[in-house]
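Residue strings, one per chain:
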Amino acid sequence: MLLKKLTEASGVSGNEKEVRDIIISEIKDYVDDLKVDKLGNVIAYKNGKSSSKIFMITAHMDEVGLIVTDIDDKGLIKFTTVGGIDKRILVSKPVLIGDSKIPGVIGSKPIHLQKKSEREKAIDIDSLYIDIGTDTKDETSKYVKIGDYVAFDSIYVEFGDNMIKAKALDNRVGCSLLVELIKEVKDISFYGVFTVMEEIGLRGAGPAAYYVDPDISIVLEGTLCFDVPKIDSHLIPTYINKGPAISLMDRTTIFNKALRERIVDIAIKNNIPYQYRKSSMGGNDSGRIHTTKEGSVTATISVPCRNIHSPTSVMSKKDYENTYKLLKAILKEYEKGEFTDGI
Amino acid sequence: MEFNSKLLEELVKTYGPSGNETRICNYIKGQIENYVDEIIIDSLGNLIARKKGNGKKIMIAAHMDQIGLMVTDIDDNGFLRFTNIGGVSPLVSLHQHVIFENGVLGIIAKEPVEDISKLRLSNMYIDIGVKDKKEAESLVNIGDVCVYLPHYCENENTVFTSALDDRIGCYIAIEAIKAIENPINDLYFVFTAQEEVGTRGAKTSAYRIDPDICISIDVTGSGDTPKAKTFAVGLGKGTAIKVKDQSILTHPKLRNIMIEVAKNNNIPYQLEVLEYGGTDSGAVHLTKEGVPSGVISIPTRYVHSTTEMVSKNDVMNSLKLLIKLLEHNIEF
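Residue numbers (my numbering), protein chains in the order written: chain A, 1 to 343; chain B, 1 to 332.
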């Protein structure tokens, strides 16, 4: 299964090759043009019915993770974070280091030895280390070097009622949706762009948008979900199983109202459940895309993911399917030539 | 030239929060279309108006968007929860009137909060005086944006109202468009969108225009109120020529030309060194290969409140400086 393959691949920001290779092998026979730019973005073009507008759909390939900064005398590995990681989730997690995927575990002082004051706060990253089962610097250095990327080691699991647990659902879920669209949709001209380094500041999207120069873009995402009981509804950004989340605004974009309303109309017309992403926190590639060159119109459609940016993110297959349905319906409308300047 | 109260009052009373600038854009377009050679509105909603000339290509940027509140949730009783668009203070917002694009009125209130210093926008709501969710949803949708209800007041010397940031800049740009008859420079007046959320419209419009020089017109703070943080800008002391803020160090050569033009025309001015904030020139000066940029600032008290205050004399002096500058044969 594609989403399993994508989430189990390592692709921490700046090191997206494994993910990129999977994507390229999946789509190469279904696109009319394919290039990898200097930053590593995959820019694919499908040539269909001609259109006066340039339409782009994007998903970022990278995930949050760690990078090795030092190896100490006992062979333990020091690291820093790449992208937004809550340090409280790090302790005791299994990880894979470098291209050879050396297994390791993130260790810290056992609870028995911690002072009360230490137990009361999250352990600082400086006090954590990765143990790869070696006990000298020389031995560790045979397997790991400074600058190696570290990804969470977490397998894809289907559980409960149509739910999925995996790492990197942000944003392999977007990659999977876009790959499936590219493979299935025919006769519609659009760019499918898989970007690098979103998690460290939307860095790949700017150059990709500069190259494509789109008129309309849809950014696909896995987004934050915190729908636990006993919280006021206005503080819940998205819910599981309420369908694709359509963004209102975030820290990088106020989404174009006409395009957003058009997408909602398409969802209603096709009986596809949808919800609004109610939080204005976070940001995504749209921030760069809509302000590139002379500017363009963007929307973001996301699959809600609980425990985002952790090794155990959780999403619903139903939300995935409804998001896919919505994307197909949008492309179908677009094929009819109904997207004007007023969207 | 007389102070045009009617124009300013209409500008501050026209709806236009960041991302929803259509109404203010149309209003400004109506004011200037007979005085310019070309007009376009780009995909971010910037209004770009050109007055052709043979000299330097000069971009004049005044942002037409204002801060606002976006509805994120409607509860069963019809109360609206919201997020901020731009810098919105919880304390300033409490018990203010708001108005939506369709004219729906509301007030901002709060949940019980024991320590008022802990007041957050997430503890506050908009009451639009309805009985339930259904009635609320017939008036307002999630994603709709409201602004503080404008209330224009003036006396002989000052204007106090919401939205002077930056409708006062729009006012100055419009009056300059009307006053300049035969431009020697090639003038691109841009009424920018989405400045309040990070100078987004300035970025894309500057890319399109590719100007030789840019002058932004925006409000700045003041240091002349009781126990204010030291800041050598005050109301009634003239137009302010920006030296720096957090987004830009203005181009020294352009800044000196601005100072020289002010001196030669007996326009009172003050130099502005602002330790916070930024404006459109911050985005413009980094566009493409770089654009020498400056800012004409209007000293303003209580920025981002419902009662921003400017001096009419400062406004007229800022307008005079802009006109004289644009009519100047700028050598670069």
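The reader is advised that the hints may include incorrect statements.
[Stated by the list, open to error] Calculated pairs, SDA-like style, for lysine to any residue (alpha carbon to alpha carbon, straight line, at most 25 Å):
{"#": "1", "chain 1": "A", "residue 1": "Lys38", "chain 2": "B", "residue 2": "Lys131"}
{"#": "2", "chain 1": "A", "residue 1": "Lys257", "chain 2": "B", "residue 2": "Ile48"}
{"#": "3", "chain 1": "A", "residue 1": "Lys318", "chain 2": "B", "residue 2": "Asp73"}
{"#": "4", "chain 1": "A", "residue 1": "Lys269", "chain 2": "B", "residue 2": "Lys133"}
{"#": "5", "chain 1": "B", "residue 1": "Lys131", "chain 2": "A", "residue 2": "Gly282"}
{"#": "6", "chain 1": "A", "residue 1": "Lys93", "chain 2": "A", "residue 2": "Val157"}
{"#": "7", "chain 1": "A", "residue 1": "Lys230", "chain 2": "B", "residue 2": "Glu114"}
{"#": "8", "chain 1": "B", "residue 1": "Lys118", "chain 2": "A", "residue 2": "Gly282"}
{"#": "9", "chain 1": "A", "residue 1": "Lys293", "chain 2": "B", "residue 2": "Lys134"}
{"#": "10", "chain 1": "A", "residue 1": "Lys49", "chain 2": "B", "residue 2": "Pro183"}
{"#": "11", "chain 1": "A", "residue 1": "Lys257", "chain 2": "B", "residue 2": "Lys118"}
{"#": "12", "chain 1": "B", "residue 1": "Lys134", "chain 2": "A", "residue 2": "Leu235"}
[Claimed, not checked] Derived coverage of chain A by chain B (criterion: at least 3 residues anywhere in the stretch with Cβ under 8 Å from a Cβ of chain B; other residues may be distant):
{"#": "13", "region": "279-291"}
{"#": "14", "region": "294-304"}
These are calculated hints, taken from the structure and not from any lab test. Glycine included, C-beta positions come from ideal geometry on N, C-alpha and C.
Here's how the hints hold up against the structure:
As the CA atoms of A:Lys38 and B:Lys131 are separated by approximately 58 Å, the hinted pair breaks the 25 Å bound. With a C-alpha separation of about 21 Å, the suggested pair A:Lys257 and B:Ile48 falls inside the 25 Å cut-off, and the hint holds. Note on A:Lys318 and B:Asp73: the hinted pairing holds, with a Cα-Cα distance of about 24 Å set against a maximum of 25 Å. A hinted pair counts as satisfied when its Cα atoms are at most 25 Å apart, and A:Lys269 with B:Lys133 qualifies at roughly 23 Å.
For a cut-off of 25 Å, the pair hint linking B:Lys131 to A:Gly282 is broken: about 34 Å separates their Cα positions. Proposed proximity of A:Lys93 and A:Val157 is supported: the alpha carbons are some 17 Å apart, at most 25 Å. Straight-line distance between C-alpha atoms of A:Lys230 and B:Glu114 comes to about 21 Å, which keeps the hinted pair within the 25 Å bound. Restraint check for B:Lys118 and A:Gly282: satisfied, since their Cα atoms lie roughly 23 Å apart, inside the 25 Å limit.
Distance check on the hinted pair: A:Lys293 and B:Lys134 sit about 43 Å apart at the alpha-carbon level, beyond 25 Å; violated. Under the criterion of a C-alpha separation no larger than 25 Å, the hint pairing A:Lys49 with B:Pro183 is inconsistent with the structure, at around 46 Å. Among the hinted pairs, A:Lys257 with B:Lys118 is inconsistent with the structure: their alpha-carbon atoms are about 33 Å apart, more than 25 Å. A C-alpha spacing of about 21 Å is found between B:Lys134 and A:Leu235, which places the hinted pair at or below 25 Å, so the restraint holds.
Using a Cβ-Cβ cut-off of 8 Å, 4 residues of the region 279-291 of chain A lie near chain B, which meets the minimum of three, so the contact claim holds. Residue count for the region 294-304 of chain A with a Cβ under 8 Å from a Cβ of chain B: 4. That meets the three needed, and the coverage hint holds.
The structure fails to meet hints 1, 5, 9, 10 and 11 from the earlier list, while all remaining hints are met.
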